[in-house]
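The residues making up each chain are set out below.
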Amino acid sequence: MTTIADIPQAKPSRRGSLTLRVGLALLGIHLVLGLLTVFWTPYDPAAMAGGRLSPPSLAHWAGTDRLGRDLMTQIMIGSRIALMVGAGAVVIGALIGVTLGLLAAFATRFLDDVLAAALDILIAFPTLLLAMLVVAASESASLGTAIVALGIALSAIVARLTRILAKRVLAQDYITAARTSGTSWPMVVFKHILPNIWPTLSVNFALQFGLAVIAEASLSYLGLGAPPPNASWGRLLQEAQGTVYTAPLGAILPGIALVILVIGMNFLADGLRDRADPMRGAAR
Amino acid sequence: MTDYPLSSSPARTGRILRRLLAATAVAGMLAASPALAQDAAIDADAVIRIGSLYEPQNLDNTAGAGQGISEAFNGNVYEALFQLTDSGDVVENLATGYEISEDGLTYTITLQPGVTFHSGDPLTSADVKFSIERVTAETSQSSRRNSLANIESIETPDDETVVITLATRSISLPYNLSYVWIVNDAATELTANADGTGPYRLDAWRRGSSLSLTPFENYWGEAPSNGGVVFQYFTDATALNNALLTNAVDIITAVQSPDSLAQFLDNPDFTVTEGQSTTKLLLAYNDRIEPFNNVTVRKALARAVNDEQLLQSIWGEYGTLIGSFVPPTDPWYVDLVDVDAYDPESARELLAEAGYPDGFSFTIDTPNYDPHPIVAQFLQNALAEVGVTVDINIITANEWYTKIYQAQDFEATLQEHVNHRDIVFYGNPNFYWGYDNPDVTRLIQEAEQSATVEEQTEKLAEANRIIAEDAASNWLYLYPQIVVSTASVSGYPINGLNSQFYAYDIEKRAE
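Residue numbers (the working numbering), protein chains in the order written: chain Z, 91 to 374; chain H, 10 to 520.
These are calculated hints, taken from the structure and not from any lab test.
Don't take each hint at face value.
Derived CB-CB ranges, DEER-like [claimed, not checked]: (1) Phe-215(Z) x Glu-408(H): 17 to 25 Å; (2) Glu-464(H) x Ile-342(Z): 55 to 63 Å; (3) Phe-215(Z) x Gln-150(H): 30 to 38 Å; (4) Asp-344(H) x Ile-342(Z): 53 to 61 Å; (5) Glu-408(H) x Leu-219(Z): 43 to 51 Å.
Backbone N, C-alpha and C fix where the C-beta goes; we use that ideal spot for every residue, glycine too.
Produce the entire structure from the sequences given, and follow the hints as far as they go.
So, in C-alpha cells, the structure goes:
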C-alpha cells in the first residue's frame, strides 16, 4: 500500500523548514506566556494595584487599564485563553467535521448529495456569524460556549475537506484490494484513509486554529465571548477603545499579541504543508 | 430602544435642557453684547450640524422610537402644552394659561391662538385631545403612559379650550403634559412623517445617516436663530469625536468618556461645557428575591463598594457621587452620600448578621456597552473583598429590555437611568427592581396628590431618605453631562434634560 509518507524522494526544502521554525517560535512565545499564567502572573489579575491608565513603568511593564489592573498580566492570561480557544475549537471542529466528512464519503449517492449540499450551505455562512448564532442560542455566554460555537462553525470546512480527500482515497485500487482480502470498513478508515488524508488535514487544522483565535477575539469584542474576568484579547481591545487616544498601548498590545499568534499559526501551516507535500516545496 | 424610562443606548447620558451658564457665558460674550461686531458675524442662514449616537428607531414617541426622537423632535418639530426648559422649569408653551378647580381635579387649559401645523391645519382643542389620547392609549409605548393614567376625561367645549378631568389630584400634570407632543389629528403614518407646530419642520430622514429639519415659515413664535439643523448619526463614539475634530459636525450632544475630552480641552477651536446631569448609574437588585429582599444584605453590599474610586476610574475628575436615586437638580434632593458609605469591615459584619458569614454568589446581567462591563468587573473585585462572588453575564440592550425590564428574570443588573424626577419608580412595586416598601409607595402617591409644591417636595424628600436607608438599589454615581462644540456655535442647551436638545437658539458665527 502507499501512503504519502512512503514517498520520500524530495527532502523538505529549506524554506519549508524555516517557515515551520518561525511558526513554532511565534507559537512558542504564547505557549510559554500562557502556560506561565497557570502558575504565576506578575499581579493578581483582579488587583487594582496601579493608578488609572498608568503608562508603562518598571512596576507595570505595559501600564494599567482604567481600573488600575496590570495590562501585562491581562495580556498573558489572554494568551492562555486564545490557546485554549484555538485548541478547543479545532478539536471539536475536527471531531465533528471528520466524522461528517467520512459519513458523506461512504454514504449512498443520495445521502452524499444531501450532506454535501448542507455543508455547502453552512460554508456559505461566515464563521463568525455561525458562532454568533450558536452563542445566541445558548443560555449565557461563557468560554465553553464560545469554544463549542467556534468548533461547530469550523466543522463544516473540515467536513467538506475530509469528504473530498476520503473519496479520492476510496477510489484507489488498494482499498478494493483491502476489502477483498477481508479488511473491515472501520479498519479501512483507520489503517488507510485517515493516515492518507492526515497530512492535508493537519495543515488545515493549523489554519483553522488561527481563524478560531481571531473569531473568538471578535466574539469577545462584541461581548459574546468569554465573560469577564476572563481577559480575552478581544475584550481588552473593546475596553481600550474609548481610551485609545490617551492610553494607546491598551489597544495596541492585545492587537500585537493576536497578530503574533495568528501569523505564527499561518507560518506553521505553511511549513506543515511544505513538509506534507515536498514536491510542491521543491518546485518553487 | 423603546421609550421606557431609562436608556439603553451606548452609555447615554441625560441631556438636560438647561441653557447653561457656561454656554450662555460664551454666548454672552459673543451675542449678549449685541451692538458689537460679533452680532453682525452671526450667520442666520447657517445650518447647524449636530452629531449624536442616538438615531431614532422611528419618528413616533408613542411607538418605541427611543431617546433619539426626543433629542431631535421635542421642542423642535413638536411642541407640547407645557415645556420642560433646559433648567428644569415647566413653562407654558401651546397653553397660554390654565385654571384648576377647587378640588384640584379639573384643569381648564386655554390654547395659544393663531398656531398652525406644518401641514397648514390650524391647532384646535380636538388636536390636543387626540394627542393626549395617543399617549394614554392601550397600544402606546410612551414612558409617561402610567403617569397620565389618572386622566378620566378630556373635553373640548370650544376650539381654544381643553378641559381635563382627573380621577385623583395630580400636582405633576403640567410636567407630565410636557412629554405629550401635540400632533395634528389628521396626520397619518407618524412613524415616518411628522406634523407638529414647532419652529422646524421635518425635511428628510435618511435612515442610518441623518435627519434634517428646516425652519417653518409660519411658526407662531420667534423664528429660529439658524437656518436649520441636521442631526448626523454615528454608531461609534470615536467616529463621532473625529467628526467634530474634522469639522464634519458642529456639536456633540454628550461626550462619553473623559479620555476623548483630552482632544478638545485646551484647544481654542472647541468649547467644552459641563452641565447638570440626571443620569444615574446603579446596580439594581431584584428586591423580590433572596438575599436581596433583606435590607441588611443590601446595606452590606452598598458599604462594600468604594463609589469614589469607581467614579475616578471611569470618569477621572468628572461626575458626582450620589447617595440615592435623586440627583442634586431635583427639588427633593437630600445629600445622602454618607448613608452606607464605603466601609468593607462593617459590610462583612452586616453580612454575618444577615446570616451570610461566608458570603453568597449572584449574577449581574451587564449591558454589553461601555462602561457597564468594566463597572461590573470593579464590583466583582469589590464584592470579592467581602466574600461575595459575582458572575458577570453580558447581554445586549434588547435582551436587557425583555429579560429584565419585561420578564423581571434577574438577580442584579447594571443600568443607567436618564430621566428627571424618576424617584417615583420606587413607588411602583411592579417596577423591574421590585422594591416594595408600603411607606414609600404611600408617600409617593400622597406627594402626587399634594396641594402645594412644598408639600410634594417634603413628601418626596422623605421617600428619598427611606429608599437610601433601605439601600433599595446600589447607586454608584451620577454621570457628568458634557457638550462639546466648535467655538463658532453657541446658544445650545447644555443639560440635555430627558434627552431633549432644543436647537432653535443655536447661533453660528460666519467663518
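Results of checking the hints against the structure:
no.	hint	result
1	Phe-215(Z) x Glu-408(H): 17 to 25 Å	holds, 22 Å
2	Glu-464(H) x Ile-342(Z): 55 to 63 Å	holds, 59 Å
3	Phe-215(Z) x Gln-150(H): 30 to 38 Å	holds, 34 Å
4	Asp-344(H) x Ile-342(Z): 53 to 61 Å	violated, 43 Å
5	Glu-408(H) x Leu-219(Z): 43 to 51 Å	violated, 18 Å
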